[in-house]
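Colleague: Between the sequences and the hints, there should be enough to build the whole structure, so can you do that?
Protein chains: 2
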Amino acid sequence: MSGSEFESLEKILEKHIPDEELKEVKRILFGKETKKLVLPACAVEAALEWDFELQGYMFEASMEQLRTPRTVRVGLIQNRIVLPTDAPVLDQITALHKRIGEMVDVAAMCGVNIVCFQEAWTMPFAFCTREKEPWTEFAESAEEGYTTRFCQELAKKYNMVVISPILEREEVHNVLWNTAVVVSNSGSVLGKTRKNHIPRVGDFNESTYYMEGNTGHKVFQTQFGKIAVNICYGRHHPLNWFMYSMNGAEIIFNPSATVGGLSEPMWSIEARNAAIANHCFTCGINRVGTEHFNNEFTSGDGKKAHQDFGYFYGSSYVAAPDGSRSPGLSRTRDGLLVTEMDLNLTRQISDKWSFKMTGRYGEYAEELTRATKQDFKPNIIKE
Amino acid sequence: MSGSEFESLEKILEKHIPDEELKEVKRILFGKETKKLVLPACAVEAALEWDFELQGYMFEASMEQLRTPRTVRVGLIQNRIVLPTDAPVLDQITALHKRIGEMVDVAAMCGVNIVCFQEAWTMPFAFCTREKEPWTEFAESAEEGYTTRFCQELAKKYNMVVISPILEREEVHNVLWNTAVVVSNSGSVLGKTRKNHIPRVGDFNESTYYMEGNTGHKVFQTQFGKIAVNICYGRHHPLNWFMYSMNGAEIIFNPSATVGGLSEPMWSIEARNAAIANHCFTCGINRVGTEHFNNEFTSGDGKKAHQDFGYFYGSSYVAAPDGSRSPGLSRTRDGLLVTEMDLNLTRQISDKWSFKMTGRYGEYAEELTRATKQDFKPNIIKE
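In the order they appear, the protein sequences are chains D and Z.
Residue numbers for the first sequence follow the UniProt record's numbering, beginning at 1 and rising by one.
Residue numbers for the second sequence follow the UniProt record's numbering, beginning at 1 and rising by one.
No lab work stands behind these hints, which were simulated from the structure alone.
The structure presented is a predicted model; accordingly, all values stated were derived computationally and were not measured.
Just so you know, not all the hints are guaranteed correct.
[As the list claims (entries may be wrong)] Going by beta-carbon spacing under 10 Å, a handful of chain D positions derived as facing chain Z:
#: 1; residue: Val25
#: 2; residue: Met243
#: 3; residue: Met266
#: 4; residue: Asn295
#: 5; residue: Ala365
By construction, the Cβ of each residue, glycine as well, lies at the ideal position given by its N, Cα and C atoms.
Modeller: This is how it looks when you write it as structure tokens:
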């Protein structure tokens, strides 16, 4: 059983471990049990017909006296590309629009209020090739591009906030960015936020195409809650999650594209740690499948040139501020994960654990400022 | 099977899951396999005789052309208290000295260079009671206390760095602190470092006894590597780990005392995330057993007064910068975890993933400074 054939960790545990022990294993690994969400039969049938996984879970909060529950349904979509990477650019984009359209239809049947797609969802993750053509042709205007218009239609049709991570072409300066467009449920573009940290690791040669984002740590106030988007490699940077939280984010999305050989053991750790440390919900999304490229490329690992860089392992999941998490979607199949969360949990857990209150941020601001100076002397004690 | 009877997650997985699938489960959960370390027969026998678990693992690094391996053996000790909590204070301390002395003897047989004990290791974790007497009598001088002298003897005898987390009484101002004393392998006190973040959660009423530490983020340059100590609740604060790393720590110890009902699903996440995010090794240590107190206390949870606050779940482990981790020690037994680590791995992983290079710390220093001001306006985008 090689890595790309293994459907999901949770399924293997459930297959082999007897119930009583499984309960403890799950508690230690995943925290308080997340209840299954009953989804409408029409959605289950449609997912079956369109051949993608559909899962639903709920994160509950305690009842309060002065606030009603603030329940929101979030949808995470993971998928493989539809056409081969050498198909015409517009055909590839259109085929992905069609596929995601189907999945959003099902999200709507499930009552989803906010949906988020994977990183650079309109294209193959071609940055491994270091070739500019034809990949830069996938870049679109965040405000007026073909894909944003498509998302606006979905948003209006379903009264749904749509987070659409694309390769952005900023027309004025002709600069590319890795950007998430946030479309309000009204259909208007609420804004955009750019990837803050750009990898230079393995096949992720993304700084060849775009630089560190200049949009800071914006939080979008939607009708359904305050949300932020930490794109892909930013999940390795605790300060990035933290600063979204400092600006008030209750849900932080992490649309990603990452492969099994590189990051899989870290995948279940980082977004979940961020949910715990920042008293918020985090949502990790990763694509699935293996993408083949016509022109060979090398990976700077002393090995021969090749045409793919491994399999994207899916495993999209939601982590809660109380340390619990949903099961992951499949490692291999397209999927829609629907989670219902009561956002009151964020303040309840903050009141319980009080990390913001005990954070001593003023002192860290001073220490960090000193640490970034040229003449910084680390605080080292010698004998 | 209730929580306190479940010996370890790893053992349950190994008992039930067939080999081929187990390999993938472990890769996803724990990262690259940590090899077992062959420990001397005399140590294995002594651990058997003295009735504690002994485990050994190694974290290897690639060979380099210009640096030789920087191999260090680290020992983590977890234990239950020896005498009842109402035994005379000095008897309790002496009994713990004897127990830990045995375990350090075995650590020495295993070639350990740096040993770290659990938080407040000379006493029961009595802060749940909110009573001052007799618990404050366990406080000692960090420089000249009975326990520090005991550690100095061990350090000299075995050429071992000893990290001794105690309840400290600072004599000059008569102030208590939660402090780790670092004793050099020469036997001299290299310095001390105080707990930076103090919990106000559940039964952890520690701020009744001591306040936030005033020693900053010191890193101790020992003969065996640069080390730091992030005590207990500080593990929930990513900035705390980060600032030790900014000062150059290669190994960060996290001596703790925490119970099953409160934190267990977070235990395997936080120290490990810190190892990944900061390109360093982290070492989590938690005590075992349930401690009973003569005087009842309440827990602020609407429940009746009681005499214990649950079981400490042990599960001490080491996490590496490459996302891998050692298995945990038992959830129920005293134990010594010996890990051999090549510190060259820290720079190798930093060169690979480059989180420090891509960290944009100057910008975070500015943002954090703004965020701590009274007139801070969060960056919220509204429709």
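Colleague: Taking the earlier hints as the rules, which of them does this structure contradict?
Modeller: 4
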